[in-house]
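K.L.:
Positions in the sequence shown are counted from 1; adding 644 to them yields the working numbering.
Read the hints as simulated data drawn from the structure, not as lab findings.
This list has only true hints and no planted wrong ones.
Distance ranges between label pairs, derived from CB positions:
id, residue 1, residue 2, range
1, K818, K843, 19 to 29 Å
2, A714, N795, 43 to 53 Å
3, N932, T676, 37 to 47 Å
4, E875, E747, 43 to 53 Å
5, L699, K843, 39 to 49 Å
6, A913, L699, 14 to 24 Å
Below, simulated DSSO-like cross-link-like pairs (lysine-lysine); rule was C-alpha separation at most 27 Å, straight line:
id, residue 1, residue 2
7, K924, K865
8, K721, K780
9, K658, K780
10, K817, K740
In this text the structure is predicted, and so the values were computed from the model without any measurement.
Glycine included, C-beta positions come from ideal geometry on N, C-alpha and C.
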Amino acid sequence: MTVNDYYKSLFNAKTYKLSLDAGCTCPNRDGTKGKGGCIFCSASGSGDFTPSSQLSVSAQIEEAKKLLAAKLKHSKKIKYIAYFQSFTNTYGDFEKLKAKWEEALACDDVVGLSLATRPDCISDECLFYLAELSEKTYVQLELGLQTSNDNTALYIRRAFPTSIYRNAVERIKKAGGKIHVVTHVIFGLPGESEQDMMKTVKEVVSSACDGIKITCLYILKNTDLEKEFYEGKISVLQMEEYFKLVEKALKIIPESMVIHRLTGDPPKALIIEPKWTMNKKLVLNKINELLY
Numbered sequence: 645m646t647v648n649d650y651y652k653s654l655f656n657a658k659t660y661k662l663s664l665d666a667g668c669t670c671p672n673r674d675g676t677k678g679k680g681g682c683i684f685c686s687a688s689g690s691g692d693f694t695p696s697s698q699l700s701v702s703a704q705i706e707e708a709k710k711l712l713a714a715k716l717k718h719s720k721k722i723k724y725i726a727y728f729q730s731f732t733n734t735y736g737d738f739e740k741l742k743a744k745w746e747e748a749l750a751c752d753d754v755v756g757l758s759l760a761t762r763p764d765c766i767s768d769e770c771l772f773y774l775a776e777l778s779e780k781t782y783v784q785l786e787l788g789l790q791t792s793n794d795n796t797a798l799y800i801r802r803a804f805p806t807s808i809y810r811n812a813v814e815r816i817k818k819a820g821g822k823i824h825v826v827t828h829v830i831f832g833l834p835g836e837s838e839q840d841m842m843k844t845v846k847e848v849v850s851s852a853c854d855g856i857k858i859t860c861l862y863i864l865k866n867t868d869l870e871k872e873f874y875e876g877k878i879s880v881l882q883m884e885e886y887f888k889l890v891e892k893a894l895k896i897i898p899e900s901m902v903i904h905r906l907t908g909d910p911p912k913a914l915i916i917e918p919k920w921t922m923n924k925k926l927v928l929n930k931i932n933e934l935l936y
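Based on the sequences and whatever the hints tell you, model everything.
P.N.:
Now the structure itself:
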């Protein structure tokens, strides 16, 4: 099932995610587990399209709505999911985070909450609160796995073993409620074979999570990956290579699992390679060919 169909079945309207910044950091940046973050992560912690964290959550939502409205070519009624995207959004002072989530949910036409986070950063206190909240409103937890290969994980500085991911999904499911669990996967990580990538997809499917996001590896400016790319240590997937991998992945993913993404949307000002990803129309056409 595509995410558009999934959201429409839940909310009976076209639903968009509004990218927000809660002002979080990451244990892989603040010295708790490491510094510098994952090797591919931008300075904004993957929140390159979020409004300023200096704004209140309500103000960020209004700004994000305006930006979205400028892109849309229709005036139909739409609804929104508040997507706290930058860095690790269950990492920090729980009461402060909870206040921001609840502020977002109180905004007009916001029908749910989505939190990008790490599998090793979900406390029992946070989990039980979100499980309870999910009985009242839509709650989506997005876990950054990227790969099930622990050797690759060491290379990209993920700073947790795959067993932590499995445990996190189990804990979320056991907590009760109706939390929708989404797993992020990257194809084309350094040194990975097709077998490695399909093994990651199988790991996600076997974990019993509810949705999956797949993207190719991007080389972004001002990342450690950029340096390695220019030193000739790594290469990127070409478009046909990538979509052949996606096609194989789709044969593994069950129909019951929601496909949240089959490509990313890297900021043009930061992307170095692969440049084919900047041709959004072409990429979306390729995705549509695979899905429909």
